[in-house]
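Protein sequence lines correspond, in order, to chains S and F.
Numbered by this note's numbering, the letters in the first sequence go through residues 126 to 244 in order.
Numbered by this note's numbering, the letters in the second sequence go through residues 73 to 961 in order.
Warning: the hint list may mix true and false statements.
Derived DSS-like pairs (lysine-lysine); straight-line CA-CA distance at most 30 angstroms [to be verified]:
(1) F:K126 x S:K214
(2) S:K212 x F:K607
(3) S:K188 x F:K82
(4) F:K82 x S:K203
(5) F:K82 x S:K215
(6) S:K189 x F:K82
(7) S:K205 x F:K82
(8) F:K126 x S:K203
(9) F:K484 x S:K192
(10) S:K189 x F:K126
(11) S:K212 x F:K82
No lab work stands behind these hints: they were computed from the structure.
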Amino acid sequence: MKQRYENRIELLQGTLDLLILQTLQWGPRHGYGISQAIRTGSGEVLQVDTGSLYPALHRLERKKWIKAEWTVSENNQKVKTYQLTAKGKKQLAEERSNWERLTAAMAGILHPSDGTEGA
Amino acid sequence: MNIFRWRQRKDEDLSVEIQSHLDEAIRDRIGRGEASDEARVNARREFGNVGLVKEVTREMWGWAWLERLQQDVQFGLRMLRKNPGFSLVAILTLSLGIGANTAIFSVINAVLLHPFAYPEAERIMFLSSSRLSEPNSSGAISYPNFLDWQKQQTTFSYLAAARNRTFNLTGITEAIQVKSALISPEAFLLLGVEPQLGRVFTAQDNQRDAARTVVLSHAFWQQQFAGAANVVGRQLWLDDQAYTVIGVMPPRFKFWAGEVWVPFGLFADEDFATDRMGIVSIFALGRLKPSVTPEQARAEFNVIAARLAAQYPETNQGSGVRIVSWSESFGRNLRPTLLVFMGAVGFVLLIACSNVASLLLMRTATREKELAIRAALGAGRGRLMRQLLLESLPLAALASLAGGLLANWGLKLILALSPDDLLPAEASVHLDARVLLFALGLTLLTTLLSGLLPALRFSQSRVNESLKDGSRFSLTAAGGQRMRSALVVLEVALSVVLLVGAGLLIKSFFRLQQTELGFKTESLLTVDLLLSHKKYTQTRQIETFFTQALEQLKALPGVEAAATMNGGPFSGWGAGMPLIREGHSYSREEMGSRGCGFVVTQGDFLAALGVPLVSGRSFTAQDTLNAPPVVVINQAAAEKFFPGENPLGQRIRLGLPDNLLPPDAPPTEKHAWLTVIGIVKNHQPVALGLPYLPGAFLPMAQTPREPTLLNAETIILRTAQDPETLISAVRQRIHELDPDQPILRIATVDARIADSLKPQRFNALLMSLFAAFALTLAVIGLYGVLAYTVVQRTHEIGIRLALGAQSGNIIVMIMKQGLSLTLLGMSLGLTGAATLTHLLERLLHGVSTTDAPTFIAIALLLLAVAALACWIPAQRATKVDPLVALRCD
């Protein structure tokens, strides 16, 4: 039971990390910007809970995948923006290929007609 | 970097970040057409719980545990400030326990664990001779044997002999006596200490005919040469011979308690160094070679001893070698005392812990609701327990600080009270890193012990019960009370054990003081002199000096009688010799049981000492060198050696019988036959509390030889007035007779007795101090429990009073509770004491370890004090106003 619970958290967490890294690949964004980008990018399907977003940002920062900087927004407000580090870019590439392998494998199982079973 | 400032900045950043997130969201919503108020509310709702987001985010920083620690400690500090009375009692209690333990541990650390600051001191062994029949006996070795050991052994890298020796230092303003050690040059190599100035002895300095050299201790260098840098090469007059200073040792080098060191080899042809019997105190030290164990050394020396026994049967038959570690040989006499004290202070600490635990329990009980609410709001059980533990951290920190101060004072007090020769010279007793580490560990342990109990108690209690139950008589409170009662019982029991111990030591001390000495101690002055071995080589010279001295001193106003003795009151019986009777023959084995102390005396010794003559006569002016030799013996000797006979007129000899003397012994070895002319009452010359030993008095006028035996004499003066008033006059008279003659000591016999009792006084005092701590703490604990009971039972007492109970009934009810706890603790304590006091056996004199009067007295004392501690809360209970009591929930 506990094992399963942990797996789920890990998966979600990993997914969120991947989403954040992916969002940042086109340039620095602040926290709200990231949540909005994920939301609109997913066609309103994925709503990022702020209770997960900020801890995740601070965790990625600690892992040195992203770095934070205080800037002034277009509305002349002091905002904290995050951007990918070199390490983060490597991480993104790795996580993306992992994700693609995973989804391909999942698809293979979920859509057996495409596979070898037809023989 | 200040992590708290860092954290605060991070925290502010996070708030700004979240605020900007909200602002952006509101702006977006307004942009999409929402009204500004609506947008604000919606954005806020969408964001969720700001506090929670912050909380979880902070976790990511990894400082959460530190923050919580800070919070708990701060809370603890706030609790301390809020209850100053509680805090003061708890801190004082703990610091007493910690301070006493640290002080005693400092002494143990210095004396038993690390007495010597020499490198690898644990590999230094102490060698003495032992009788094969008693492997644990430890006696002097002889120099010839030592030299043979040195030649034959292979297990020690160095082997050194050492012997105490006093010299008269002259050529300075007033002659003084210098404590010195004769040592073989190997001693310095063995100890691994380099001189601070100059050099140490070499094998050349150790030759019989070598130039006389001396190495100075640091203290002596400071005193006599004011630390002059050019001291090497200067001369020192010791026993009227010039010695050249070749080196100065660093401060902590106090080997063999010497002020100066002289090569042993210079004295290699003196009697004490050529005699293989080994009756003079020479001992040896050896440093084990690397990888050699003490067992291997013992095995080798057993072989060597057996070889020497075969070679020199008349002196070495039946004697072996005892090898123990040097520090062990030092701590031997002190170990039982120190361990008893360590046990005692351990008890004090336990009592302190249970007292503080009891106080914390009481506080936890009053906070039960608060803790229950915390639990209900999601604080885990572990978190609560940790909180309770950490809250006692400030308490422990303050207590250990105060404990450190107390330990410092306590240590000074112990050193001031302790007898001079209690500690080995090299031991430096102070609070060092090891001691501080011990204190720190102790504090942590104490905190855990006293904090853990309430924490455990609470975590057991069911949170919901506390919340639901509105009354004061909750289940948990009753449970807490049970535990506090158990703690009080423990405290009482422990303090009873300490009180009994202290009682026994005090009783033993008074017993000793009252023992019959057999002579009048008051109005008796003693003057110790050691005549120069070089200047006074003939008995007649010594006799002349003392005859003149006695004449001079007797002429002083107030002096009633004067005499000299080599072994004055409380300096011992002098040498011992086998006493043999004319016309009897003896085997070698019998010699061991025929020992008889003897003292060579001059002047009116019976009047001066104040010992009555039982029968016969004392010495007269007619008992000269040419008259038949005479002897006066004491009652103990008469009873032991002449059972059922009249000794008067019988002839005895102090020494070996003819049949045991070697055939080539010079005629001077054959001691003269002495006629017993008088019997005197027994007196105790050694120390209080010992049995009377057989002893004999010989007139100096008839002692033809052995001036070395007579150089150390004590002049005793019986006075009509306070003997203290004569001291300066006596000093002056002796100085006039011989300006180069140092006076070792002038003291009244009362002062000497007080000195000889110092160890017992020290033991009794220290133990009483600890017992007093313990009793005070136990009584505070008892009082606390009862006072709290009264508060808890206010409601019930109010009802009883309202229903017509008399105040007498209430008092009985409360007192009964307190006294039953006391009685339970007392019976446990008395049982414990009866099994533990045997540890005191070696420290007691004339008192059995289960002395019934002491046990009864302690029980009564405790009951009286406990009754008082119960009376006050009981009295307060009767003052309860029934109306107020009933109104309060």
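Numbers of the earlier hints that this structure fails to satisfy, in rising order: 2, 9
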